[in-house]
Amino acid sequence: MTEREKPDLFATKATRLALLSDRILGDPKEIDAAEAEELLHAANTDPQELKARFHRRFDNLAKEYAAKGQRVPPLLKQALADLRPGASHSRAERELLREAQTAVRHVLKQAKQLPQLLAKIPNLTLAAAYRSKKELSERDRRLLDEVARQLENRAKNGKRNRRLRAGA
Amino acid sequence: MDLGEVALRLTAFARRTFADFGLRGPDTAVAGVGLSIEDFAWKVLEEYVEGKLEHEASRGDLFSLLATALRNDIIDSLRKAAHLHEENRSPLPRGLDSAADPPSLDEMPSAAIDIPALLDEEDYRKRLWASLAGEPELAKVVRAILDLNLYRPREIAAALGISVTEVQNRKKRLRRRFMEFNLLQRKVP
Chain A
1 MTEREKPDLF
11 ATKATRLALL
21 SDRILGDPKE
31 IDAAEAEELL
41 HAANTDPQEL
51 KARFHRRFDN
61 LAKEYAAKGQ
71 RVPPLLKQAL
81 ADLRPGASHS
91 RAERELLREA
101 QTAVRHVLKQ
111 AKQLPQLLAK
121 IPNLTLAAAY
131 RSKKELSERD
141 RRLLDEVARQ
151 LENRAKNGKR
161 NRRLRAGA
Chain B
1001 MDLGEVALRL
1011 TAFARRTFAD
1021 FGLRGPDTAV
1031 AGVGLSIEDF
1041 AWKVLEEYVE
1051 GKLEHEASRG
1061 DLFSLLATAL
1071 RNDIIDSLRK
1081 AAHLHEENRS
1091 PLPRGLDSAA
1101 DPPSLDEMPS
1111 AAIDIPALLD
1121 EEDYRKRLWA
1131 SLAGEPELAK
1141 VVRAILDLNL
1151 YRPREIAAAL
1161 GISVTEVQNR
1171 KKRLRRRFME
1181 FNLLQRKVP
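Going down the list, the protein sequences come from chains A and B.
In this text, residue positions in the first sequence follow the numbering used here: the first is 1, and each later residue adds one.
In this text, residue positions in the second sequence follow the numbering used here: the first is 1001, and each later residue adds one.
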């Protein structure tokens, strides 16, 4: 056997063994996240600690990019986010959380802008509602008395005007 | 796809591949190359996030691509380890007059792995059957695959008179059993 043939034989034998393994133990993709965690636990590997170690390695890699003044690849950023210790287990959950945070931030931003928005509206009239109140406050009474007085005056003025018109 | 999940699945698959090749023990590294299970998983993920390993949807799902790359890396490392093992052998045979002397370092049995044995299918089958001792349900699945030459879960289920889900569950147990056996066993007789 020539030196050139050796690696090919090696690769052939290794590939045959890999195929036999896939036939018996199943396709690699059959190992889902839950099974992976089980298998790692069985080998005394804590999945969360493993993720933390991977996060540290990716963090160092990102720092290398920064030190060289290069842009950190988007997939590296994603890996850092996905492997961050304490991050939620599921990506879907994290996306929901992100959406909720964005929505709350938006509402808070609008609430802060409310005074400026109200100031832009001319002659804003606020209607007082009394339905849920059991008793009228002193201030409410004054307001109502004022309204009653205005109506009374308007009625008196109306009568006077009618008399003047009739006299004329 | 969540790369945290991919990292866990890849590491579990790297452990399975180590078991396939009979690389034993929880903290094994490929001799001569010095890479551990975790190193192999990390290397593939690093190549992916840096764009050195590109995924095209037409070539199948991402995890299959990364798992294939990882297995190829392990095979390459074994090849390198085998090459180093051969290079380290003494080219000169021991002289007759020195037979009583203690062997030189390169004549000592190598602490490195026995590469040809790792690729031996017969050895693999022996290890597999040994791992299934006391597990008749799992042994039936393996017999259906090897003796009846069945591959699809539906075919195996029909042959054994069980559901497809049960076949999948048994295969899951089979993977775990084989990997645990590999961690505990030093040598199969």
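Think of the hints as simulated: they come from the structure by calculation, not from any bench.
Note that the structure is a prediction, hence the values are computed from the model and not measured.
Just to be clear, a hint being listed does not mean it is correct.
To be verified - Short derived list, chain B residues pointing at chain A, Cβ under 8 Å:
| id | residue |
| --- | --- |
| 1 | A1117 |
| 2 | L1119 |
| 3 | R1127 |
What the hints assert, rightly or not - Per the computed footprint, the stretches of chain A lying under chain B, defined by three or more beta-carbons under 8 Å from a beta-carbon of chain B, are:
| id | segment |
| --- | --- |
| 4 | 13–23 |
| 5 | 143–153 |
Quick reminder that beta carbons are idealized off the backbone N, C-alpha and C, glycines included.
We went through each hint and held it up to the structure:
{"no.": "1", "hint": "A1117", "in the structure": "violated, 11 Å"}
{"no.": "2", "hint": "L1119", "in the structure": "holds, 4 Å"}
{"no.": "3", "hint": "R1127", "in the structure": "violated, 11 Å"}
{"no.": "4", "hint": "13–23", "in the structure": "holds (count 9)"}
{"no.": "5", "hint": "143–153", "in the structure": "violated (count 0)"}
The structure shown violates the earlier hints numbered 1, 3, 5.
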